Amino acid sequence: MKKIAEVALGVVTGIGGFLEVGSLATSAQGGSEFGFQLGWAVLLGSISLMILMEASGRLAAVSNRTLADQLRERFGIRFFLAPLVVGLVVSLLVLASEIGGVALALQMATGVRFQLWALPIAFLAWVLLWRGTFSIVENGAAMLGLVSIVFAVGAAALHPRWTSVGAGLLPTRPAHDAARYWYLGVSILGASISPYLYMFYSSGAIEDGWTTEDLAVNRITSVLGNVFGGGLSLMVLVVAALVFLPRHIHIDAYEQMGLILTPALGHPGFVFFLATLGITCFGTTLEIALAIAYLLAQGLGWQWSENLRPSQDSRFSVTYTVVILLAAIPILLGVNVLGLTNISMVLTAASLPVTVVPMVLLMNDRDVMGKSVNGIVANVALIGLAVLTCVILLAALPLQLLGGG
Amino acid sequence: MKGVHLVHDVLDAQLVDRKRQKMGRVDGLVIELRDGEPPRVAELLVGGSVLAERIGRWMVAISGAVSRLFGIEPEVTRIPFEQVRVIDSCVELDIDASSTNTLRSERWLDEHIVCRIPGGAGPERK
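Residue numbers (the numbering used here), protein chains in the order written: chain Z, 23 to 427; chain G, 64 to 189.
This is chain G alone, in the form it adopts within the complex (with noise of 0.2 Å):
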């Protein structure tokens, strides 16, 4: 059996959808303690306030600060570990982007700013 090792090989890894489409990186792991029975990885965690936590405490009072300013409410998206298809120079999962919280910022930019000027969208490849 090939061990996978949580930290060097999942932590900080490209998550991509079914499709191989981006969806951020795996900013943090929960691993579940259960009452007589082995712990076990229970979710991986996509987000700023993770990835700020992990950096130090200045870092979550700066993002902190910043999504306060922009009166943006901070999001997790947590992906239930059993997603996971593939783990090998990305972590794969067997799911849609478009169907979780992790492109928020990408759709809003799309929307409001990209999709309005000029030969932003079209046909898929320039």
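Looking at chain Z on its own, in the form it has when it is part of the complex (with noise of 0.2 Å):
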């Protein structure tokens, strides 16, 4: 009964906590420009997510250890320092996107510019963090994030042609633009597979107390919460692809995308994508900010747990306020969110090497993992997704000089 209770909420969290800044804006951007064309990155980004997330839970629950630790004390401080940098430096750019994401909501829910809702924002993510435990921040974002199945209903009342859908799971070559075309190829990829979320899943691993014996609640979750989670990035397309390609809008700005749900749902299509943009952002704010936290405090050794006072982890609670207060400074300043959100994930989707190859290793080591080393089908999944996050490094910079913008 309790695993059945855990699958569920794991489940939950894969629905609630798929849909944020990046893959909100990416999805749409793709739709509104190739229609359902670009579907395949979010089946890939979701399939890589489903295997990262899978692997850093198991990880965590055989070893005891998180990824971070793990990347420390397997490969070393010199080589630590690479995925400490680089995950330091994306996860805050795409913190300050989501910190934007909900300012932007607010203010179209409000008129209040969104610049002077950076700060009481920041606040009450703070508070929440200062005063809550790991369990109120995961189950509370995820259970309010529930309200991105929205997107699913407003899919449904447009009547997609499915098999056209279908279609687009199969990467196919452009008719136009080739450049923006993988640009947002590989924005939709760095928005789907962050590093902060396997590295927050495998900490909350530990939060939870995991075991050996939650191997299987781990394998169930990360596939059951990804084929949701992935589906409802799916539909954001879909609706995207259906209500802005024949009306030949571009999403420049998040303003535009406020009427993303209008045509299949009314007035009600405005409040719930407000709703959906305001809460799944700043779930996914809460989250960021202590991923950046755990990623530090245990690279370096400190004392971390959300589960316990501030006090008793000093460095860890103060590391996560300053970062929270770090990433409202842009939106203080009224940087453009959307560009922000797109810059970040294409960093995110060029960051990735350095913590999926390592991965590779620390999977097949039979010192760290026992008896549940990967097997051969999770080998040339981890594999094959190594070699992909290369390709994606390579091509990340060109891309984003002939693509974005």
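Just so you know, these hints were derived from the structure itself, not from any lab.
The model shown is predicted, which means the values in this text are computed figures rather than measured ones.
All residues carry an ideal CB built from backbone N, CA and C; glycine is no exception.
Take the hints with a grain of salt, since some may be wrong.
Claimed, not checked - Sample of chain G residues with no beta-carbon within 10 Å of chain Z, all distances over it, derived:
id: 1; residue: D75
id: 2; residue: R81
id: 3; residue: L96
id: 4; residue: L108
id: 5; residue: V123
id: 6; residue: S126
id: 7; residue: A128
id: 8; residue: G134
id: 9; residue: V147
id: 10; residue: E155
id: 11; residue: D159
id: 12; residue: S162
id: 13; residue: C178
Claimed, not checked - One side of the interface only, derived from the structure: several residues of chain Z facing chain G at Cβ under 8 Å:
id: 14; residue: R87
id: 15; residue: R94
id: 16; residue: I99
id: 17; residue: R153
id: 18; residue: S157
id: 19; residue: D236
id: 20; residue: R241
id: 21; residue: W324
id: 22; residue: Q325
id: 23; residue: R331
id: 24; residue: S336
id: 25; residue: R337
id: 26; residue: S339
id: 27; residue: V340
Said to hold, decoys possible - Per the computed footprint, the stretches of chain G lying under chain Z, defined by three or more beta-carbons under 8 Å from a beta-carbon of chain Z, are:
id: 28; segment: 114 to 122
id: 29; segment: 139 to 146
id: 30; segment: 163 to 175
Join the two chains into one complex using the hints; note that each chain is given alone, in its own frame.
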């Protein structure tokens, strides 16, 4: 019974936690410019995240160490510096984008400029982390994030030709603007496969005290959570394709996305879109702030746990405090949030090899994994993914220059 | 006898005290060379400056500049190897973390910032 509840909770986390500023923006851009044709990027992104979450959850449950712990311990400080610095910088940019997403939702709801929302949002997020526990942060964000199911409702109401949606799940060459097409493909991948996600997930496994008995739960939740979460992300792309493409609307700012659900659902669609944007970005704000503090604390061996009083792990708590404040600054200054999001997603995609490639070694190390080392299927998937991330790294900069903006 | 690989199992490992309080990582190792006797592991080192030396000269320069800027004396904690009790996923020491300097910044932040914010201190668990 307890296991069923855990799986249910994991699936809820997958659904309620999948959409955030990056996946909303990139899926909507992809749909508005290329119809269903970039569906494969959403599918590939979800499968990749599934592989990485399953692996990092298994790593934590078996070895009682998080991914960040293992990266420092097995590869030493000189190597660890790369995932540490890259992870901190990229996550900070994504965090700023998420705060921007909440701020824009509030701007569209109230008419008050988004810059003015940056500090109140940062403060509220900080209070929740300061006073809350891990399960409040994780489950609260996931439950409220269920509002994003509205995109599935919206997509169904628009009666897309599902065979055409299915055809988009296989990659094809674009008929126009090839650079833009591949750029958006990489952005969608970066939005789905964020290092903070599987870093956070492996820390969560330790916070929740996972053991080898939780391996089945880990496997089921990482598969189902990403099937449903990725499905929702695909629905965003489908809705954008049906609403924006025929009207030749290119998304240059989040404000344009405000009416994405209105043709399907009327005025409630607008309200639900704002709720989805605001809530999911806020939930992700909490998770990324924690993920950054986890990474630094684990890498340097500090005391850390969201379940302790801040006084018990002051370096950890001060880290997420400073991080939230830092990330609020660009929003306070009024940066272009969509531009920031797009850059963050491409950088995220480019940052993947520094964690994914060493993961291949960790998951095959019997000293670390014992009997739970990767089997052939898991290895083919993980090694394939590692190669893919290296290709993305090489392609990211040229694509940003040719297809960004 | 089960062997221990110094670099694989000890260097960079999580250090915990006898109450399992996390107190940093093994940033360096000191091996003592003795006349007529085999070398032995003398000390574990914990400290940012040890870490900087392992990373490279550029990091030593950066961390030196940062500590001068903030007026922090870089400190290295030396833990005699005899204090080690267990080496597995963590290196467990037979000492109290509070008796060493490894928690200096943790305590400073606690006293000067965290404790002054409502909700910072309180019963052990939230």
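Structure versus earlier hints - violations, ascending order:
1, 13, 18, 19, 20, 29
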